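All chains should be built: construct the whole structure from the sequences, respecting the hints.
Position 217, counted from 1, in the sequence shown is what my numbering calls 217; the numbers after and before it change by one each time, with no gaps.
Everything labelled a hint here was simulated from the structure, so no lab data went into it.
Please note that a few of the clues may not be correct.
Said to hold, decoys possible - Distance condition first, Cα-Cα at most 25 angstroms in a straight line; then the derived DSS-like pairs of lysine-lysine:
no., residue 1, residue 2
1, Lys363, Lys386
2, Lys458, Lys379
3, Lys142, Lys204
4, Lys301, Lys363
5, Lys477, Lys604
6, Lys14, Lys28
7, Lys758, Lys18
8, Lys39, Lys204
9, Lys28, Lys744
10, Lys349, Lys14
11, Lys18, Lys515
12, Lys392, Lys349
13, Lys18, Lys448
14, Lys392, Lys415
15, Lys132, Lys220
16, Lys386, Lys50
17, Lys476, Lys604
18, Lys386, Lys360
19, Lys593, Lys401
20, Lys480, Lys744
21, Lys349, Lys379
22, Lys758, Lys604
Stated by the list, open to error - Label-pair distances were calculated between CB atoms; the ranges are:
no., residue 1, residue 2, range
23, Leu35, Asn658, 50 to 56 angstroms
24, Asp30, Ser240, 49 to 55 angstroms
25, Asp555, Ala722, 45 to 51 angstroms
26, Leu724, Asn91, 37 to 43 angstroms
27, Glu305, Leu35, 44 to 50 angstroms
28, Asp375, Asp90, 53 to 59 angstroms
29, Asn373, Asn350, 20 to 26 angstroms
30, Val372, Asp30, 46 to 52 angstroms
31, Gly53, Leu308, 48 to 54 angstroms
32, Val372, Ala545, 56 to 62 angstroms
33, Arg40, Cys192, 28 to 34 angstroms
34, Asn321, Asp200, 26 to 32 angstroms
Remember, it's a predicted structure, so these values are computed and weren't measured experimentally.
Every residue, glycine too, gets a C-beta built ideally from N, C-alpha and C.
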Amino acid sequence: MITQNLGYPRIGAKRELKKACENYWSGKTDIDSLLEEGKRLRAENWKLQKEVGIDLIPVNDFSFYDQVLDMSLALGAIPPRYSEVLLEEDNQLDLYFAMARGYQKNGFDITAMEMTKWFDTNYHYIVPEFYKNQEFQYTSTKAVQEYKESIALGVEAKPVLIGPVSYLLLGKEKEEGFHRLDLIDRLLPVYCAIIAELQDNGAKNIQLDEPFLVMDLNEKERKAFQSVYATLAERFPEISFFLTSYFGSLGDNLNWVLELPVAVLHLDLVRGGNEVISSLESAPDSLKFSLGIVDGRNIWKNDFEASLLLLNEAKEKVGENRLILAPSCSLLHTPFDLDNETTLPLEVKNWMAFAKQKIKELKVISNLASGVNNDANKKALEENKKAMISKKESKLILKEKVQYAVSNITPSQSKRNSKFTDRQILQQESLRLPLLPTTTIGSFPQTKEVRLLRSKLKNASLSQDEYNNAITAEIKKAIKWQEEIGLDVLVHGEFERNDMVEYFGEQLDGFAFTKFGWVQSYGSRAVKPPIIYGDVDRLEPMTVAWTAYAQELTDLPVKGMLTGPVTILQWSFVRNDQSREETTNQIALAIRKEVVDLEAAGIKIIQIDEPAIREGLPLRRADWKGYLDWAIKAFRITASGVKDATQIHTHMCYSEFNDIIESIADMDADVITIETSRSQMDLLDAFVDFEYPNEIGPGVYDIHSPRVPNTEEMENLIKKAADLLPIKNIWVNPDCGLKTRGWKETNDALVAMVSAAKSLREKFQVEVS
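The structure is reproduced here in structure tokens:
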């Protein structure tokens, strides 16, 4: 049975791409060094997949920053504000990075493009910008060049492109009076130019990713798909188009999608369910099916016996010669290689598979399904059976006291004592904050020196006391500095934390951790998700000592900083033997204990970050209510054990809030901080239209870009917010945490932010009075 892969992790086994990009951005290396490292990583990925025996290997799945941004550059969808960069820079890659990160040099000061979550994953993509009379042109030949590279290396290559309809739907209209799908007739000729050049260079199979096929689609969107694929089929009769959807089921789109004139239709059987198998018989005889049977979103081993039963059913429906086996989606969302992990508990490790192991699983399943029962395949099947039994029977997983606590959650545990308006009065009396109070989201720069402290502690070259003394010194400096620049609500800086989820997972029962389990989040930013394999419990306080120490250093309030249960769930690899709701409630009870302990230690403001609430939303609207009911309840469980005078904050970033604003209000956080600078406060519209009652901190500068905005720019954003919201409910803060930034840019930006808030505070104080 033929196998294909949809995409492979591009950052390298040890985050080589991250280091190469950051060295280039900092000027330590030149453009040739960066391009050479990208070429090396691509070649390694292709070689690995070829050696495993994957029949159709993806190319153009590699990216120096983001695959959607790659497509924007290829199509000439370059926002007009970058025209100066085109003239200024010698190479196309600098324009590309300017679009992603902003551009602030040689007298130019150009903002970055907006960034948001890729469907319901923790990957971020750069949002295309569209204009009413926009023209597209074939600007970047990256896809063709990488295809030619792979062919030169003897790889059976399959170019990957984001499909034209999904590309437009991923973007935003930047002016009124049109819908982005109206641009399809202008866009399609450029797609045809790219495909024609691929064909001229020998490409016979081309993967077109159309993830929007698993979404709720209206008539206009459906017709766009039908028109586009009719045009492509007519224009390129010799190309086999692999129409690829993932992250869910085609559902009510299935019948008309089966009629699209493509050679292969990819179906995600992991996230999409198995019910689609029964519909295969109704497809045209010419249509082949790529069955996404290996989970591309999680790290658990495939259950070979279950997969073979499913494949046997599919073979009965359409025959083996019409089936191709694949992962459910691109393996971009999984770590690189489990073989690199030497510190995982062996029992837990035996249940897992990373990207390298998943393509091997794919090949074994293909062999077994095709009746290739040699000794190696028989051995693999037997070992897989033992792993499945081990996981099912393990004593590491279930904890009776945790199960009991979750089953006995009461309604009062998810409700604050009083309504917000009453709490707000008590909090104002307790905190005595000025109008437009300034704060940060929590983390400060994780310098090389701070990261080295953790490394030395782990390898025992630094004692625990020495480490604690060093962290104490960092906190002391951070508190003093925040007082000096005039912030109103301080943070301790999170110098002891490696990651906002991993740090908590390391102190919670039921988690395991990797050494090299990195997954790309955006650009050069990679995260190392914890692995939830068993029932979750908090055994002892996790943050209280550091936060309480910071509060002792100042008379200003210091926020306790925690990560919320839904975000811990979403940004971990989650066990697949119980519902996500059950696991989230376990985490919520653990975080609730920490909140209560922080309050008891004298902390008056506690921030419970939930940036992943929107990300976890099911892709189909019909499934939203069920998810939101338990997700919002879980947040309230964490926040409802404190007194009314204790102020609960939450933080969300890079999300569209319009469609879930009522649920965000139901979280009943006293203060919510959100990302709004890249959208120029457009994301506030949802809160305004809803008449959101609680306090809001709309981010006034973008921390994901190295550019430092000036005071006037931030004043203008604050004024925009003040035109939309009650001034007494507005906080002033950055978009997100400052962990990835340098100290100089952090200082310069926060000094400007405080100055902006103070200058407007006097003006607005008169109006309030």
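- request: With a cut-off of 25 angstroms on the C-alpha distance, tell me whether lysine 392 and lysine 415 pass.
  value: 36 angstroms, violated
query: Does the Cβ-Cβ separation between aspartate 375 and aspartate 90 fall within 53 to 59 angstroms?
result: 57 angstroms, holds
- prompt: So the hint says 49 to 55 angstroms: do the beta-carbon atoms of aspartate 30 and serine 240 match that?
  reply: 40 angstroms, violated
message: With the threshold set at 25 angstroms, check whether the alpha-carbon distance from lysine 386 to lysine 50 stays at or below it.
response: Violated, at roughly 28 angstroms.
Given pair status - lysine 744, lysine 480, alpha carbons within 25 angstroms: 16 angstroms, holds
Cβ separation of leucine 35 and asparagine 658, checked against the hinted range 50 to 56 angstroms: 41 angstroms, violated
- prompt: Are the Cα positions of lysine 349 and lysine 379 separated by 25 angstroms at most?
  reply: 18 angstroms, holds
- request: Please test the hint of 28 to 34 angstroms on the beta carbon pair from arginine 40 and cysteine 192.
  value: 32 angstroms, holds
- request: Can you let me know if the beta-carbon spacing of leucine 724 and asparagine 91 is within 37 to 43 angstroms?
  value: 41 angstroms, holds
- prompt: Given the hinted pair lysine 458 and lysine 379, is their alpha-carbon gap at most 25 angstroms?
  reply: 38 angstroms, violated
field: Distance restraint between lysine 392 and lysine 349, which requires alpha-carbon spacing of 25 angstroms or less
entry: Satisfied, since the Cα-Cα distance of roughly 14 angstroms is no more than 25 angstroms.
query: Are lysine 28 and lysine 744 close enough, with their CA atoms no more than 25 angstroms apart?
result: 18 angstroms, holds
Violated hints for the displayed structure, listed by number in ascending order: 2, 7, 14, 16, 23, 24, 25, 31.
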